[in-house]
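Asks: Sequence:
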Amino acid sequence: LVVAGDKALLAEPLQRFTRMLLIALGLLALGLALAVAVQLQLALRPLQLLRTRLAAVRSGAAGQLEGSVPQELQPLVNEFNHVLQENADMVQRARTQAGNLAHAVHTPLSILANAAAQEHSPLALLVQEQVATARRQVDYHLARARAAAAVRATGLRTPVLPPLRALLRTMERLHADRHLSFELAPQAQDGAFRGEEQDLYELLGNLIDNAGKSARQRIVVDVQLSQGQLCFTVDDDGPGIPEAQREHMFERGVQLDEQRPGSGLGLDIVRALAETYGGSVQALASPLGGARLRLCLPVAANA
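Residue numbers are given in this note's numbering: position 177 of the sequence shown equals residue 639, and the series is strictly consecutive.
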């Protein structure tokens with residue numbers, strides 16, 4: 463039995479079926495791809511949250527990984543927090559040892575200085591000179607060691623305006639005999655320094671004290687957020703600093719003026735501390751007619 467027919471009658475439905483099959487398979491593949499993408503997104507969301515929290519720890523906005531995580535990730539979070547705590551304890555021990563060492567060294571140096579001050583012989587003058595040099599060397603290396611320990615710490619966050627206002631009040635009392643005006647600029651921005659409060663006090667205190675020694679009447683301090691850093695400017699209306707000396711003044715052993723006891727560190731140590739934190743300090747011309755000292759330090763993320 464032979465059946466004959468037109469091939470066109472079979473080819474058209476076959477082509478239609480093939481097209482429908484390809485479209486269906488394409489839609490199925492697209493649907494599967496979307497389903498896999500959604501599944502991966504849902505599965506990786508806890509890791510993305512964990513990454514965000516790690517970034518917060520690194521920037522100083524948090525001290526540890528906080529918040530709920532899937533049960534499978536909880537052991538990892540616990541171990542990481544344990545490492546962070548051990549690191550914080552180690553940094554604190556390092557800072558404590560640096561402070562103890564400073565006290566242990568400064569005490570005999572003070573005794574030597576006081577004993578030498580009672581004499582006026584060449585030997586006594588030599589002792590005073592060498593004791594002063596030793597003090598600066600000790601301060602320099604201990605300040606750098608303390609800052610290096612702080613840089614390794616996590617979760618450090620020091621608001622800048624409260625200590626800055628306290629420093630300005632202190633400097634007004636320190637220079638009360640000259641009737642200087644220490645002002646905080648009206649446009650000063652609030653922020654947080656990613657470092658130790660003690661280091662911030664020493665850095666700013668030294669710059670403001672130096673400005674007070676040079677000023678005639680006014681010292682104006684400003685702070686602005688710039689490119690992920692806190693930039694402090696200390697302006698005075700004194701004689702200013704010649705451009706040729708602006709870089710030289712930060713070298714070790716160079717002082718614009720003799721430091722008052724307890725007034726802070728030298729400008730060379732200010733630069734060393736700032737650079738240890740990843741910041742910078744420079745001398746410029748001030749709009750007040752004197753010198754401008756500009757200090758930039760890393761900013762801590764918002765908590």
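Among the hints, erroneous ones may be present.
Unchecked claim - The following label-pair restraints were derived from C-beta to C-beta distances: (1) Q651 x H568: 32 to 38 Å; (2) L483 x E528: 37 to 43 Å; (3) S742 x Q559: 52 to 58 Å; (4) D652 x P584: 23 to 29 Å; (5) N562 x P532: 42 to 48 Å.
These are calculated hints, taken from the structure and not from any lab test. Beta carbons: idealized from backbone N, C-alpha and C, even for Gly.
Asks: Could you tell me which of the numbered hints above are not met by this structure, giving the numbers in increasing order?
Replies: 2, 3 and 4
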